[in-house]
Structures are given as C-alpha cells and as structure tokens.
Amino acid sequence: MASTISKVNFELQSDLMATQRRDIPLADPNLSNPFNANYLVDGEWVTINDDYKLVRAADITQAAGTPAPKPGASNAMPLFAEKGRYDVQANAEKKTPCIYMGPFEADTRIYDDTLNGGITAVGQNLKVAVISINVSGTPKKFSGLIRRADNDTDPIVGVVTRLPAKNGGKLRFRKPINIG
Amino acid sequence: MSVPARVINELFTTKIASAEGREKAAEYGGSYIRDRLREVSFARKIIPPQQVTRADCQRSVNHDTLVKIVDIEPKSRAMTLTFRGQPTARFIRGERAEVAFFTISSELFQKTEQELLAYEMPITKIIEENSVKDIQEIEDREFTLHIEAAVQALQQEANGGNVVALNWSNINAGSVVEFSVIKGELARNAGVNDATVRPLQRPDIVRLYKSLDGNRMRAEVNLITEVDWDDILQWTVEDFGDRLQSETTVDGYKYNLLLGRSYVRTIKTDILRPGNVYCFTKPDFFGKFYVLNNTKFYIDKIANNIMFQAWEDIAMAVINIAAVRKLELYSADASTLDADSLRSNFVPVAEDALGAVNNRVDQGLKFPQVVSY
Chain A
6 MASTISKVNF
16 ELQSDLMATQ
26 RRDIPLADPN
36 LSNPFNANYL
46 VDGEWVTIND
56 DYKLVRAADI
66 TQAAGTPAPK
76 PGASNAMPLF
86 AEKGRYDVQA
96 NAEKKTPCIY
106 MGPFEADTRI
116 YDDTLNGGIT
126 AVGQNLKVAV
136 ISINVSGTPK
146 KFSGLIRRAD
156 NDTDPIVGVV
166 TRLPAKNGGK
176 LRFRKPINIG
Chain B
108 MSVPARVINE
118 LFTTKIASAE
128 GREKAAEYGG
138 SYIRDRLREV
148 SFARKIIPPQ
158 QVTRADCQRS
168 VNHDTLVKIV
178 DIEPKSRAMT
188 LTFRGQPTAR
198 FIRGERAEVA
208 FFTISSELFQ
218 KTEQELLAYE
228 MPITKIIEEN
238 SVKDIQEIED
248 REFTLHIEAA
258 VQALQQEANG
268 GNVVALNWSN
278 INAGSVVEFS
288 VIKGELARNA
298 GVNDATVRPL
308 QRPDIVRLYK
318 SLDGNRMRAE
328 VNLITEVDWD
338 DILQWTVEDF
348 GDRLQSETTV
358 DGYKYNLLLG
368 RSYVRTIKTD
378 ILRPGNVYCF
388 TKPDFFGKFY
398 VLNNTKFYID
408 KIANNIMFQA
418 WEDIAMAVIN
428 IAAVRKLELY
438 SADASTLDAD
448 SLRSNFVPVA
458 EDALGAVNNR
468 VDQGLKFPQV
478 VSY
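If you read the protein sequences in the order shown, they are chains A and B.
Take the position in the first sequence, starting the count at 1, then add 5; the result is the number in the working numbering.
Take the position in the second sequence, starting the count at 1, then add 107; the result is the number in the working numbering.
No wet-lab data here; the hints were simulated from the structure.
What you are looking at is a predicted structure, and each value in this text was computed from that prediction instead of being measured.
Glycine included, each C-beta is placed from N, C-alpha and C at the ideal position.
It cannot be assumed that every hint is accurate.
Claimed, not checked - Okay, the calculated beta carbon distance ranges per label pair: (1) A:K145 to B:L364: 52 to 62 Å; (2) B:I176 to A:L21: 24 to 34 Å; (3) A:Q18 to B:R145: 24 to 34 Å; (4) A:V140 to B:R145: 45 to 55 Å; (5) B:K403 to A:E16: 37 to 47 Å; (6) A:K145 to B:G281: 45 to 55 Å; (7) A:T158 to B:E227: 48 to 58 Å.
To be verified - A short list of chain A residues far from chain B (calculated; beta carbon distances all over 12 Å): (8) T9; (9) A42; (10) D64; (11) A69; (12) K75; (13) V93; (14) G122; (15) N139; (16) K146; (17) V164; (18) P169.
Please model the entire structure based on the sequences and the hints provided.
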C-alpha cells in the first residue's frame with residue numbers, strides 16, 4: 006500500500022517530554038518555503054552536516070530505495086515541523102525543529118512499504134532511504150522510512166509497531182535509541 | 108557582601124520569580140565580578156515593539172502557528188487634465204504582508220540544590236536578569252540579519268538581478284552599482300580588498316543619508332557600533348567648528364542628533380560588526396516588531412534538581428526593504444557572493460558564539476595569581 010501526504014505527516018504517540026527537540030538552521034533555507042520544489046515535510050528524516058546545519062539524510066536526487074549515506078544515516082532524525090510553518094519561516098536562519106534525542110513512538114506517512122522486501126510485519130527494522138510518494142498525482146521524493154532487511158548494514162532508525170494497513174495508512178514505529 | 112547559602116536556598120523555596128524573592132536577591136547584587144557589559148535591544152529602539160494579542164493574529168489551516176497580516180499603503184497618483192478630459196482609473200488593491208511569530212528562549216538552566224550551596228552570589232538571580240538581555244541579543248541578531256538581507260536584496264536588484272561583489276576592485280572598475288549599500292570614502296580608495304575598518308568620515312554619513320533621502324524617504328535614525336562612533340570623536344575642527352571641537356574634546360559628543368538625525372549606538376560588536384553603519388526611516392515606513400508574549404520565566408524543582416528558563420514570543424519583519432541603507436567602512440565584499448572570502452568578519456557571529464566570555468579565570472589567568480592549599 007503506497008503512502009499519501011497530508012497536512013500532518015508525523016504524530017508522536019508517546020510522551021513529548023521524553024524527547025529532546027532542537028531547532029537547527031537549514032543548510033538550504035529555501036526548503037522552508039512551502040512553494041519550493043523540494044519543500045520539507047514533517048516526518049522527513051534529516052541529519053546534521055559539518056556546519057551543524059540540517060540536510061536531508063537521504064539524497065532525493067537519487068533513485069527511490071537509495072539508502073541514506075553513512076555516516077550521516079546513523080544520526081538521522083525526524084523533522085518535527087509541518088510544511089511551511091510560520092515560526093520556521095520567521096527566523097532568519099530558518100531554524101527547524103527535529104527530534105534530536107530520546108526514545109519515542111510515532112505515526113508517520115513518510116514511508117514506502119514496498120521497497121527492500123516491503124514492510125510486512127510488526128517488529129521489522131526500518132532504515133532511512135529515498136522514497137517516492139504521489140503528491141497531487143505527481144511522484145515526489147522524500148527522505149523517509151523503508152524496511153531494513155536482516156542482511157542490511159545500514160543503520161536501524163526504528164522498529165515497526167503497527168502496520169499501515171491496520172493504522173489508517175500510517176506507519177507506527179518505535180525509535181528506542183538515537184543511534185541505530 | 109557575603110551571602111549565606113541559606114538565603115539562596117530560601118530564594119528557591121519562595122520561588123525566585125516572586126517579588127519577595129527578587130527583592131531579597133537584589134540586596135546581594137554587586138558581590139561578584141561582571142564579565143561584560145550587557146545592553147538592551149537596539150532593534151527595539153529602531154522599531155519600537157507593539158504588544159499584540161491572539162485576537163490580532165491569523166492562524167494557518169495547515170499548521171499551528173500564527174502571523175499578523177499588515178496592510179501596505181496602496182498606490183495612488185494625480186494627473187493634469189483638460190476641462191474635457193477624464194482621469195485614468197485605478198482598481199484599488201492594497202498589498203498585504205505576513206509577519207510571523209517565533210520564540211526566543213534562554214537556555215534551560217539546571218543545577219542541583221547541593222551544588223548551589225557552593226555559590227555565594229545569587230547565581231540564579233543573575234542568570235535570570237541576564238537572560239532577558241540575552242534574549243534581546245538574539246532579537247538584535249535576527250534584526251541585523253533581516254536588515255542585511257534587505258539591503259542586499261535591493262542591491263541585487265540595482266545590479267540587474269545579479270549579486271555583484273561590492274569591493275574596492277569592482278568600484279574602481281565601474282562594474283558594480285552602489286545603491287542600498289555604499290562604501291566609505293577611505294574604503295573606496297583603499298587600493299586593496301581587505302577587512303580593515305577605515306575611520307568614519309563626515310562625508311560618509313552625508314552620502315548614507317542621501318542614499319535614502321533621494322528616494323522620497325528620509326533617513327531618521329542611524330545604527331552604529333561604539334567602535335565606529337569613536338571615530339566621530341576624531342573629526343577635526345573643519346568638521347565640527349571650534350565650539351563643538353572644544354566641547355567634544357572635554358565631554359565627548361553629547362548631542363542626541365548627528366547631522367540632524369538621531370542615532371543608536373551599540374556595544375554588541377559581535378552582532379553589528381564594526382564597519383557597518385545602517386540608517387533607517389521612521390518605523391511607519393520600515394517594518395514591524397510585535398510582541399505576542401512578553402518574557403516569561405519558568406522555574407521548577409524536581410527532587411534536588413532546580414531548572415529555570417525564560418522565553419518570549421515575538422515577530423519582526425522588514426516590510427519595506429527600501430527604508431534601510433548601509434554604509435560599509437571596509438573595502439572587501441560583504442555580499443552573499445563573499446568574493447574576498449572575508450564576509451565572516453562583517454556579519455553577526457553564530458548564535459552559539461554569542462555567549463563567549465571575556466575573562467580568563469577558567470584558565471587561571473588573574474593577577475596576582477594566588478594559590479590556595
């Protein structure tokens with residue numbers, strides 16, 4: 006089942022206070038513009054670059070299924086800001102909140118459950134990769150979650166706790182520790 | 108004065124945010140060495156903030172954040188006509204701009220109750236007071252980044268939509284237009300593109316005013332660092348006349364106006380870097396600064412862990428980018444092109460670099476060096 010993009014694509018199912026959020030400047034401030042071709046959405050997986058700025062963990066210029074390159078993939082974290090938030094656009098450096106540390110459970114629409122063997126069972130591991138989701142009938146790439154097969158060497162960023170088919174199309178996962 | 112640890116503990120039990128706690132803490136002020144001067148916001152002097160409420164703001168249907176929509180004056184004009192003629196029509200449409208809200212917060216300060224006993228100064232009170240100014244520092248940093256973006260955007264437009272390096276080389280080659288950013292006279296004749304800040308001269312100020320006054324607007328206020336301000340004290344009798352020269356030699360320049368315009372001086376040279384002088388119109392022509400929530404202070408104690416934090420919710424925007432101009436007293440390029448790789452000398456330092464300290468006590472550098480045993 007393919008995912009869909011909505012206004013809200015990432016919802017915590019666990020206590021917010023158990024996490025630590027950080028506002029970090031975007032390496033490309035233009036991505037905070039909701040009309041930018043490569044706008045960011047909540048639930049996309051980002052990482053920090055050498056300048057301590059946020060970049061997508063997976064390179065969306067690559068084909069769907071391309072995993073996030075190491076070592077940044079180990080540090081991948083979900084964006085906690087919906088597309089085009091005013092408070093992100095308001096600050097000069099476009100600092101954007103992400104869930105920087107701490108365990109959590111969340112529902113996300115930023116996944117592809119068909120790639121890499123597909124997300125088929127609770128308990129499967131997840132990794133960050135380029136995914137493609139139709140937005141208004143046009144395929145658009147995001148940095149999202151796909152299955153991490155047992156023989157993969159890519160970092161684990163979460164574990165499936167509820168399948169999309171039984172969760173209104175949203176993938177529920179648990180991120181027990183920060184580094185997979 | 109030595110402060111008993113018991114008093115500090117008592118301040119926490121009575122919650123330091125209370126008036127009683129504040130008064131008690133104030134009694135013990137001055138028993139410590141200050142690291143640096145802290146200054147209130149210069150942005151607030153240039154655009155006085157207006158308090159707004161939730162009712163003044165608009166929500167989004169896509170997310171849970173707020174903007175205030177500001178109307179822009181509509182275009183209009185008049186025309187000459189014959190007795191039989193009629194005017195051209197204008198279907199009225201006023202532009203509107205969104206000014207978005209965001210939060211500025213202090214750090215979340217934490218300390219255990221036991222370790223607090225090791226302090227004889229009211230450290231929490233000091234941090235609380237400094238937090239307000241720290242927050243205003245970030246206001247100033249945001250403001251500076253916004254006004255810099257504004258002058259650079261207009262400068263780009265004046266150069267045919269291209270970002271062109273504004274440095275000594277290009278000025279001498281005639282390959283750049285100085286419109287919203289101009290170089291000082293000494294920088295224009297520097298003979299090299301470098302980061303050296305040249306002294307501010309009287310004709311520089313006049314040119315800065317003229318860059319704004321020539322566009323149906325009027326320069327009303329300057330923003331200048333104390334470092335550049337000190338150059339004014341070196342102006343000669345030809346600049347000042349003998350009466351002012353005598354006065355300035357003794358008292359410094361003590362008037363509220365400089366060449367007929369007011370000015371705001373700042374010691375925050377890590378935010379407004381020396382060599383950058385801005386001038387602005389009145390706020391009505393320039394931008395908006397809204398305060399949705401004034402500074403709030405939160406303090407809590409969980410078991411023996413004490414934590415506190417301060418924050419405010421504000422919005423600020425340069426809406427009319429033509430209402431600000433900049434004078435650069437150095438010859439290198441400060442545009443986003445960074446043609447001379449010296450731009451980091453001219454723009455505000457990183458947010459997390461603002462907390463740097465002046466003293467070297469942590470490295471044992473104080474004199475005489477006394478060792479306890």
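Check: Is the gap between the beta carbons of V140 of chain A and R145 of chain B within 45 to 55 Å?
Finding: Roughly 48 Å apart at Cβ, these two residues keep to the hinted range, so it holds.
Q) V93 of chain A clear of chain B by more than 12 Å, beta carbon to beta carbon? A) 8 Å, violated
Quick one: are I176 of chain B and L21 of chain A within 24 to 34 Å, going by C-beta?
30 Å, holds
TODO: May I ask you to test the hint 48 to 58 Å on the CB atoms belonging to T158 of chain A and E227 of chain B?
DONE: 56 Å, holds
Closest CB-CB distance from A69 of chain A to chain B, is it above 12 Å? 26 Å, holds
Exercise for the section: Test the statement that T9 of chain A is away from the interface with chain B: the closest C-beta pair must be farther apart than 12 Å. Expected result: 16 Å, holds
Task: G122 of chain A and chain B, when compared Cβ to Cβ, separated by more than 12 Å - done: 34 Å, holds
TODO: Starting from the hint 52 to 62 Å, judge whether the C-beta atoms of K145 of chain A and L364 of chain B obey it.
DONE: Once the Cβ atoms are compared, 57 Å apart, the range 52 to 62 Å for L364 of chain B and K145 of chain A holds.
Over 12 Å from every CB of chain B: does K146 of chain A meet that, or does the non-interface label fail?
21 Å, holds
According to the definition I'm using, a residue is off the interface if its beta carbon is farther than 12 Å from all beta carbons of the partner; does P169 of chain A meet that for chain B? 23 Å, holds
Legend entry - Beta-carbon spacing of Q18 of chain A to R145 of chain B - inside the hinted bounds 24 to 34 Å or not: Since the Cβ atoms of Q18 of chain A and R145 of chain B sit about 43 Å apart, the hinted range of 24 to 34 Å is violated.
* **Exclusion check [K75 of chain A not at the chain B interface, CB over 12 Å]** => 27 Å, holds
Comparing the model with each earlier hint shows violations of hints 3, 5, 13; every other hint is respected.
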